[in-house]
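Each chain is listed here by its residues.
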Amino acid sequence: MKRVIGVLRRLPYIVWALLVFLWALVLSNVRVAWEVLTPGLSMTPAIVRVPTRTRSDWETTLLANMITMTPGTLSIEVDEDTRDLYVHTLYYEGREAFLAEIASLERTLLKATR
Amino acid sequence: MILDLIGAVLIGLGIFLVLLAGIGLLRFPDVFIRSSATTKAAGLGIALVLAGTACAIGTGEAAVKMGIAIVLQFIGAPVSGHVIARAAYRAGTPLWDRTTVDDLQGFVERPHELEAR
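Protein chains in written order, with UniProt numbering: chain C, 1 to 114; chain W, 1 to 117.
Among the hints, a few may not be true.
What the hints assert, rightly or not - Some chain W residues near chain C, calculated using beta-carbon distances under 8 Å: (1) L17; (2) T59; (3) V101.
Quick caveat, the hints were computed from the structure, so don't treat them as lab data. Keep in mind the model is a prediction, meaning the values are calculated, not measured. Each residue gets a CB set at the ideal place from its N, CA and C atoms; glycine is no exception.
Using the sequences and the accompanying hints, generate a full structural model.
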C-alpha cells in the first residue's frame with residue numbers, strides 16, 4: 001500500500017520524465033537525420049566520465065538508457081563501485097556544459113524514481 | 001479509413017528513419033558513432049512502424065500487443081547499443097581520429113589499439 005501511494009505521489013514526475021524522454025528521442029533522431037543528409041561530418045566526439053547520484057542498479061540502468069536515447073550520447077561503460085558512467089558524445093563542447101546537460105536529465109529521472 | 005491513413009504515414013516515417021540509420025551506418029567513421037546513431041533511429045523508427053501497424057489493424061488487441069512491443073523496444077535498443085560499444089572498446093576498436101577526449105583510457109584494459117583504417 002505504501003508503495004502504491006509512493007507511485008501515485010510521483011506520478012506527475014513519472015509522466016514528465018516519460019515526456020522528456022520521448023522529446024529527447026525525437027530530437028536525437030532529427031539530429032542524426034541532419035548529420036546523415038548533409039555532406040561532411042560536423043562531429044567532435046568524446047568519451048567523458050560522468051559522476052552520478054544514482055543509488056541502485058535500477059536507477060543507474062534507467063539513467064544509462066535515458067542517456068543513450070538522448071541526442072548524440074551513448075553510455076559505454078559503468079564504474080560499478082562509484083556508479084559513474086562513461087558516456088560517448090558526438091558533440092562535445094567542454095566538460096562543464098556536458099556534465100550540466102546530463103545532470104539535468106538525472107534530476108528529471110530521480111524525481112520520478114524517488 | 002482515417003486509421004489506415006495514419007497507420008500508413010507512421011509506417012512510412014518509421015521506414016524512412018531506419019533507412020537514414022542505414023545510410024549513417026555506412027557514412028559514419030567509427031563503431032561508437034555508428035552505434036550511437038543507429039540505436040536512436042532503431043528505437044524511434046521501429047516504434048513508429050509498430051504504432052502504424054496497430055493503427056492499420058485497428059483493434060484494441062493489436063494496440064495492446066504493439067504497445068508492449070514498443071516498450072520492450074525502448075528498453076532493448078539502448079541496451080544493445082551500449083553492449084556493442086562496450087565490447088568494441090574492450091576489443092581495442094580504434095576511435096575516430098577527431099575524438100577529443102577519452103576518459104575511458106586506463107579504466108578498462110584494452111589490447112594494443114587496432115590499426116585505424
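Results of checking the hints against the structure:
1. About 6 Å separates the beta-carbon of L17/W from the nearest beta-carbon of chain C, less than 8 Å, and the hint is met.
2. Interface restraint check for T59/W: the shortest CB-CB distance to chain C comes to about 24 Å, outside 8 Å, so the restraint is violated.
3. For V101/W, the interface hint holds, since its Cβ comes within 8 Å of a Cβ in chain C; the closest pair sits about 4 Å apart.
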